[in-house]
Amino acid sequence: MKFKNNSLALDTTDLKILEALQEDAKQTYTAIGKRLGIAHSTVYDRIKRMEQYGIIRKYTTVIDAEKAGAKNITAIMTIYTDPKESEKVAEKLCKAPEVLEVYTSLSEELQIIAKVVAENQESLHEFIANLVAPLPGVLRIRTSIVTKKFKETQFSIGNDQKKLTFIRETHNKMGENKP
Amino acid sequence: MKEESISRILRTLPREKAFYFFTSIGNYTGESAASLKEFMGKISEANLKSLEFHLYRGDFEKWIAETLEDGELATEIGNLRSQNYSGTVLKEHLYNILTKHYEKLISKF
Chain A
0 MKFKNNSLAL
10 DTTDLKILEA
20 LQEDAKQTYT
30 AIGKRLGIAH
40 STVYDRIKRM
50 EQYGIIRKYT
60 TVIDAEKAGA
70 KNITAIMTIY
80 TDPKESEKVA
90 EKLCKAPEVL
100 EVYTSLSEEL
110 QIIAKVVAEN
120 QESLHEFIAN
130 LVAPLPGVLR
140 IRTSIVTKKF
150 KETQFSIGND
160 QKKLTFIRET
170 HNKMGENKP
Chain B
0 MKEESISRIL
10 RTLPREKAFY
20 FFTSIGNYTG
30 ESAASLKEFM
40 GKISEANLKS
50 LEFHLYRGDF
60 EKWIAETLED
70 GELATEIGNL
80 RSQNYSGTVL
90 KEHLYNILTK
100 HYEKLISKF
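Order-wise, the sequence lines are chains A and B. Oh and the first sequence: position 56 is 55 in numbering that gives the first Met the number 0, straight run, nothing missing. Oh and the second sequence: position 4 is 3 in numbering that gives the first Met the number 0, straight run, nothing missing.
Hint data in this document are derived by calculation from the structure and do not stem from the laboratory. One should not assume that every hint holds.
[To be verified] Here are the simulated DSS-like cross-link-like pairs (lysine-lysine), alpha carbons at most 25 angstroms apart as the crow flies: (1) A:K83 - B:K16; (2) A:K83 - A:K47; (3) A:K25 - A:K150; (4) A:K87 - B:K36; (5) B:K36 - A:K91; (6) B:K99 - B:K36; (7) A:K94 - B:K99.
Just so it is clear, the structure is predicted and the values come from calculations on it, not from any experiment.
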């Protein structure tokens with residue numbers, strides 16, 4: 000663990016701790032320490048430091064919505080916007096509980112890509128017609144309803160050495176670019 | 000119909016109350032209308048798929064009845080649904096109903 004320009008550069012131990020937490024965030028510092036061959040106090044210190052620096056953003060629960068009884072539909076919305084208004088449109092979308100993820104993308108036009116959930120097709124349409132289309136700066140919207148999910152996962156540190164090296168180098172470079 | 004009601008039907012609505020034209024679920028064309036006059040104009044230029052989508056979902060009559068508050072026009076458009084028109088024939092009938100109704104309102108105003 001190194002500090003450079005107020006940012007935290009991760010070493011292999013940090014990455015291995017992150018990997019362990021991603022597998023099971025409920026395991027104890029002692030269990031992680033045992034697995035990595037380091038003291039639990041080291042695990043504690045490093046986790047606290049990574050929390051402080053926002054590298055570990057939060058600990059959450061991944062729910063299988065289907066097993067929980069939710070019969071929702073998922074859709075991907077591509078919203079073409081006036082570039083002057085796109086930030087505001089994206090901010091408004093972030094506030095809507097129906098919207099799970101929001102990204103911007105620049106191809107020929109500025110686009111906002113958002114993942115949305117709704118109870119059914121009708122409620123999806125109501126949401127888009129009443130709350131998204133009227134937002135100032137929205138030029139048009141294309142929506143695709145997801146019919147089958149093949150993969151859905153979070154970014155994982157993984158246990159591949161090449162991946163660890165890549166992540167470490169990338170993170171170091173990002174740290175170097177910070178003012 | 001009272002002058003007050005006609006004036007209400009012919010008013011320009013705020014943007015969030017406008018009619019937004021879609022071609023299918025979630026696919027917004029970028030066209031909207033915030034008054035009866037503007038709606039008439041948009042119908043004459045609208046994508047045929049969009050007209051069929053909204054007519055057979057009952058969106059036009061719902062917006063006209065609940066937002067513009069013109070029950071008479073909403074009923075006329077609702078009746079058009081049972082005719083099963085499509086494409087340019089549907090567009091022509093829809094546009095004719097709207098222009099006749101609009102002219103009638105203007106003449107009484």
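Okay, the hints, checked on the actual structure:
For the proposed pair A:K83 and B:K16, the alpha carbon gap of about 23 angstroms is at most 25 angstroms, so the pair holds. Our distance criterion of 25 angstroms between C-alpha atoms is broken by A:K83 and A:K47, whose separation comes to about 40 angstroms. Between A:K25 and A:K150 the alpha-carbon distance is near 24 angstroms, which keeps this suggested pair within the 25 angstroms criterion. Annotation: proposed proximity of A:K87 to B:K36 is violated, straight-line Cα distance about 30 angstroms (limit 25 angstroms).
For the suggested pair B:K36 and A:K91, the alpha carbons sit about 30 angstroms apart, so the restraint of at most 25 angstroms is broken. With a C-alpha separation of about 12 angstroms, the suggested pairing of B:K99 with B:K36 holds against the 25 angstroms cut-off. For the hint pairing A:K94 with B:K99, the CA-to-CA distance comes to about 43 angstroms; that exceeds 25 angstroms, so the pair is violated.
Comparing the model with each earlier hint shows violations of hints 2, 4, 5 and 7; every other hint is respected.
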